[in-house]
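Asks: The listed protein sequences derive, respectively, from chains R and E. 1 is the number of the first residue of the first sequence in my numbering; add one for each residue after it. 273 is the number of the first residue of the second sequence in my numbering; add one for each residue after it.
Derived from the structure by calculation, the hints contain no laboratory data. Glycine is no exception: its CB is placed at the ideal position from the N, C-alpha and C atoms. Among the hints, erroneous ones may be present.
Part of the chain E face toward chain R, derived, beta carbon under 7 Å [to be verified]: (1) V304; (2) Q320; (3) Q322; (4) L328; (5) F387; (6) A390; (7) S393.
Here's the letter readout for the chains.
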Amino acid sequence: MFRKLVKGCLLATACLLPAIATAQSAQSDTVKGIERYRELLADGNPADLWEARGEGLWKETRGSKKASLETCDLGKGPGVVKGAYTELPRYFKDTGRVMDLETRLLHCMVGIQGLDEAAIKRNAFGAGTNRSDMEALVAYVTSESKGIKMKVSIVHPREKESYAMGEKIFFYRGGSHDFACATCHGESDKRIRLQDLPNLLDKKDAQRAYTTWPAYRVSQGELRTFQWRLFDCFRQQRFPALEYGSDASIALTTFLAKNANGAAFNAPALKR
Amino acid sequence: MQNFKPMLVVAGLALGMASAGVAAADRAQVAVGEAEVMGEMFRSFNPQGQAGLSRLRQDDVQKFCSTPGWQKQKAHVKQLEKEQLATIKYPADGKLLGSWQAGERVAQTGVGMQFSDAPGSTAGGNCYACHQMSAEEVSFGTIGPSLRNFGKTRGNTEAMQRYAYGKIYNSQAYSACSNMPRFGHSGILTEQQMKDLTALLLDPNSPVNK
Chain R
1 MFRKLVKGCL
11 LATACLLPAI
21 ATAQSAQSDT
31 VKGIERYREL
41 LADGNPADLW
51 EARGEGLWKE
61 TRGSKKASLE
71 TCDLGKGPGV
81 VKGAYTELPR
91 YFKDTGRVMD
101 LETRLLHCMV
111 GIQGLDEAAI
121 KRNAFGAGTN
131 RSDMEALVAY
141 VTSESKGIKM
151 KVSIVHPREK
161 ESYAMGEKIF
171 FYRGGSHDFA
181 CATCHGESDK
191 RIRLQDLPNL
201 LDKKDAQRAY
211 TTWPAYRVSQ
221 GELRTFQWRL
231 FDCFRQQRFP
241 ALEYGSDASI
251 ALTTFLAKNA
261 NGAAFNAPAL
271 KR
Chain E
273 MQNFKPMLVV
283 AGLALGMASA
293 GVAAADRAQV
303 AVGEAEVMGE
313 MFRSFNPQGQ
323 AGLSRLRQDD
333 VQKFCSTPGW
343 QKQKAHVKQL
353 EKEQLATIKY
363 PADGKLLGSW
373 QAGERVAQTG
383 VGMQFSDAPG
393 STAGGNCYAC
403 HQMSAEEVSF
413 GTIGPSLRNF
423 GKTRGNTEAM
433 QRYAYGKIYN
443 SQAYSACSNM
453 PRFGHSGILT
463 EQQMKDLTAL
473 LLDPNSPVNK
């Protein structure tokens, strides 16, 4: 099944990417291109490959401690993956910190498996043959939340701080261009060139945006996580490079995830 | 949040945070102070390429404009615009109109100032990212108003040239907390590029006015 899928993806990417890339003439062409691409992949999203590899990595004995991740506590108890993503970020007693999925996975990979933290962070965003284990693990864990409603709770004082901080950072203007997240995502029905911009202060838009990450990005041929999404938007914002798993990244994620509460999680998705 | 210090509760700021649509109940419960936010930002980024950590340090304008509800502070808004107006440096040779052809290229180009852009490379204005301008370019954004026929409707007077050049130089001189970058003030565009853009907006032969 996977061999068939790979072949399908390669073909579809090869024949449709140019169509999408040159569809600058009108937004509807781009949308049509992506719809056609989705149809071609009717029996799956290339993200399936990341999910399968991630499941393997979750169960595989690895690292200097020769352990699998099956005892990793993502918040719902050791080893519980089902629905875990819909309740993240959350406060973890054992670290005294609010953590998103990616920092929690990192914590487990280092603590339980004895893997090298710096190496994992360096390779968090894969490129071609240089595949990221993190992206695969995120694909697997999030796929186990498909169809489950977002239910991030902001109860612990640290969670409240994180949410309040995330909201502040959303409006934090700076850099050469005076941009903040709110510049591009604070009003409805706006776009940059032909790309629609979700209004992340609007409940519906915020839900649609958050519940469709991580995503397989057709334009990159990679599966990208929410940490990547933030990293790349800060790049467009002309800010320096967001540290992977930093407090600011978790605060923003807490703010956006909480605002998506009530919507069914629907990723890994497929995007432009 | 290992280094998280006790929260500074600033009631006024908490009220100012009100923004449309989301989770009103969660707001006002906890507020974080300016210093905490700044500290968290500086801890959470790494310098890369041309984007150093100084990009995170806000000037007074950025600070003020980061507070939702700034619109209500009418006196501050007036003062801000006055101060920003005073920053505008007009070309020493007094000529405000360059070449609209060159201006069109600047308006189309989006590169510049990102850590992924080559340091020292000429930045573009990326006006089309936010504005409709020429009729031919259908790939335009809508964060800013349409500038189709800008010169045709406003006229190509000296006063209008000064306004257009000034607007590009420092958008906030005319509209506090505008989402439009301050291209001259922030050193994104050169004087020549801004002259060329002014021509793009006002020259009767420019595609903006055709």
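Asks: Hint by hint, note whether the structure agrees.
Replies: Against the structure, the hints:
The interface hint given for E:V304 is met, as the beta carbon of that residue sits about 5 Å from the closest beta carbon of chain R, less than 7 Å. With a least beta-carbon distance of about 4 Å to chain R, the hint placing E:Q320 at the interface is held under the 7 Å criterion. With 7 Å as the threshold, the beta carbon of E:Q322 stays out of range of chain R, its nearest partner Cβ sitting at about 9 Å, so the hint is violated. Interface hint at E:L328: satisfied, since its Cβ lies 6 Å from the closest Cβ of chain R, which is below the 7 Å cut-off.
Taken as an interface hint, E:F387 checks out: its beta carbon lies about 6 Å from the nearest beta carbon of chain R, inside 7 Å. For E:A390, the interface hint is violated, since its Cβ never comes within 7 Å of a Cβ in chain R; the closest pair sits about 14 Å apart. Because the beta carbon of E:S393 sits about 13 Å from the nearest beta carbon in chain R, more than 7 Å, this interface hint is broken.
Comparing the model with each numbered hint stated earlier shows that hints 3, 6, 7 do not hold.
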